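With the sequences and hints as input, model every part of the structure.
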Amino acid sequence: MKTSIITVILLALSALIFTPNTNAHGSTKPLHGGVVKVEHEMVFELVRAETGTSLYLRDHGKPYPSEKVTGSIIVLADGKKTNAELNFAGDNKLTANTTIPDGAKVLVKVKESSHHSVTVRFTF
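With the first letter of the sequence shown counted as 1, position 16 gets the number 16 in this note's numbering; the numbers rise by one all the way through.
Just so you know, these hints were derived from the structure itself, not from any lab.
Remember, it's a predicted structure, so these values are computed and weren't measured experimentally.
Any given hint could be a false lead.
Said to hold, decoys possible - Below, in silico cross-link-like pairs of lysine-lysine (DSS-like), each with a Cα-Cα straight-line distance of 27 Å or less: (1) 111 with 29; (2) 93 with 105; (3) 62 with 29; (4) 62 with 109; (5) 93 with 37; (6) 29 with 68.
And the structure:
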C-alpha cells in the first residue's frame, strides 16, 4: 500500500516537473520594451517614449492586424487626465500623441468593427 501511494506521488510530481510551460495566448514577454497585459485572449503591449506612445497587438503569439482597430488612451497622472486617439501605424501597431510619466495609470480602449470594445489598464 505504501509503495503504491509513493508511486502515485512520484508520478504526479514528475508530471508537474516535466510538463512543458505553455501559454494559450502566446508569449507575454515584451517584444518592444513595453508593459504587457492580456485581456480577452489578446496580448497588448504599451510602449512609452519621449515623443509618444505605441500599442502593439498580438493574438496567440502572432501580430494582430490593427488597420481596422480604433481606440483611445487616457493617462491619469499628477491629478490630471489626458485623452488621446490611437491611430493605425502599420501592421499590429497603433500610436497616440501623448506621453506617459512615471507613476501614471493608463486606460486603453480599443474596438474593431466586428468585435466589442476592450479596456486594458496599465500602471507605470
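Checked hints:
Pair hint residue 111 plus residue 29 holds up; C-alpha atoms about 23 Å apart against a cutoff of 27 Å. Between the alpha carbons of residue 93 and residue 105 the distance comes to roughly 21 Å, so the proposed pair stays at or under 27 Å and holds. Simply put, residue 62 and residue 29 have alpha-carbon atoms about 13 Å apart, close enough for the 27 Å limit, and the pair holds. Note on residue 62 and residue 109: the hinted pairing holds, with a Cα-Cα distance of about 20 Å set against a maximum of 27 Å.
Taking the CA atoms of residue 93 and residue 37, the gap is near 15 Å; set against the 27 Å cutoff, the hint holds. Annotation: proposed proximity of residue 29 to residue 68 holds, straight-line Cα distance about 25 Å (limit 27 Å).
Of the numbered hints given earlier, the model fails none.
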